[in-house]
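**Student:** The residues making up each chain are set out below.
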Amino acid sequence: MVKKMRDEVWFPQVIWNSTIEDLDNDNLKSYVYEKVEEEKINPPLGKPNLPWHSVDLIVEENVEVKKLVDILNEKMYIICEDVGLHPVQLYDIWANVNPPGVGNQLHAHIPAIFSGVYYLDAEQGQGDIVFERDDGGQTCLPALVKEPSPFNQKLITYKSETDLCYIFPGWFKHRVTENTSNKDRLSISFNYGFKRG
Amino acid sequence: MAMHTELWFPSVVWSSVIHVVDNTELKKWAYERKRKDRGRALTNFAGYQSNDILSGECEQIDKLVEHVSSEIKSCAKQVGLPVLEIQNIWLNINPPGSYNNLHDHVGSILSGVYYVDASEKQGNIQFERSDGANYFLPEVVEKVTYFTSGRATYASKSQALYIFPSWLKHSVQGNQSNTDRISVSFNYGEKNA
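If you read the sequences in order, they're chains B and X. Going by the numbering used here, the first sequence runs without a break in its numbering and finishes at 197. Going by the numbering used here, the second sequence runs without a break in its numbering and finishes at 390.
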């Protein structure tokens, strides 16, 4: 009998997913819309006029934001231990309000080591998050594969659903599909990395 | 609530040590081939790379192809790829001081190398991460893991066989010995592509 070849996995992209159910999402939503209204009255200098709203959140300003960050800090500590990194710290946290008809183009979160999203108010049809392969495999792999596997896919879609939280490498390119519903999709995004400067 | 971890788009390197080829015969044939075939210059610095070897030209290469094709079939099945067929196979003779620059095998799906006469000092193969993570990850990490590593080095040693995704960038270290390093490389792609 022929001995099976040994296989070793290198350089995968990682997505950590979980559900966060301990937050008062109504309180968070009110806070996010307050920030959106504030920005409408006093738009930050140089901020482009986009079809969606993206507002920075201030941790000390809202108890639910503080709770969320505490939960995320715990998750990041575990992740860093798992992947062999020294503990990271929060770089920034912001809310996204995607109205009907809006999505987000492909992007990465330079220079964050980890980025992520928590869905405050989202459901199927409001815009899933799509992660795209960028290691060259996307140009070499056949268009049709026998059986989808993490090895042979060119992109992977994760659903947006209230309370879900995804954490991923900051370099992992992703986009958000169009909100095809008739109401806003609300999410909170965040970046973690090493102390700057 | 606990986090669920999912790994996407991994690069897989398959390895084994095989005994189906008579390396003494193949080595002899390699030098004969070098005399007859001027070869080509691609990623090889100061090394010899033959033009593609055709079926029936060398009994030992045919034996190797038969074995590799069977292994490729298993690898492809494991990761959900369609049936692949050999695209080309060639010979490399890296004399002392020679090496191969970083490259990939675009146009193929699985590639690989078999070592006819090689040792670790003669130039290991190094696979490099190419997803941009190196611009983000710190130079010093607490420990090297699947997440933090930027390079995977595999030893060049006689009878070793490595198969890897064709898009996985790799280079060959310099031959630091005083004898030639001989290997055979190959590409597999979609059938009838």
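Careful: at least some of the hints might be erroneous.
[As the list claims (entries may be wrong)] Derived list of chain B stretches under chain X, where covered just means 3 residues or more per stretch with a C-beta under 8 angstroms from a C-beta of chain X:
hint: 1; region: 84-92
hint: 2; region: 150-156
[Unchecked claim] Here are some chain B residues the structure puts well away from chain X; computed CB gaps all over 10 angstroms:
hint: 3; residue: 15
hint: 4; residue: 37
hint: 5; residue: 38
hint: 6; residue: 54
hint: 7; residue: 62
hint: 8; residue: 69
hint: 9; residue: 78
hint: 10; residue: 105
hint: 11; residue: 107
hint: 12; residue: 124
hint: 13; residue: 135
hint: 14; residue: 141
hint: 15; residue: 142
hint: 16; residue: 147
hint: 17; residue: 183
Simulated from the structure, these hints should not be mistaken for laboratory data. Glycine residues also receive a C-beta, built at the ideal position from the N, C-alpha and C atoms.
**Student:** A separate judgement is required for each hint: does it hold in the structure or not?
**Tutor:** To see whether the hints hold, each was checked on the structure:
| no. | hint | result |
| --- | --- | --- |
| 1 | 84-92 | holds (count 3) |
| 2 | 150-156 | holds (count 5) |
| 3 | 15 | 5 angstroms, violated |
| 4 | 37 | 33 angstroms, holds |
| 5 | 38 | 32 angstroms, holds |
| 6 | 54 | 22 angstroms, holds |
| 7 | 62 | 22 angstroms, holds |
| 8 | 69 | 16 angstroms, holds |
| 9 | 78 | 7 angstroms, violated |
| 10 | 105 | 17 angstroms, holds |
| 11 | 107 | 13 angstroms, holds |
| 12 | 124 | 19 angstroms, holds |
| 13 | 135 | 5 angstroms, violated |
| 14 | 141 | 7 angstroms, violated |
| 15 | 142 | 5 angstroms, violated |
| 16 | 147 | 4 angstroms, violated |
| 17 | 183 | 27 angstroms, holds |
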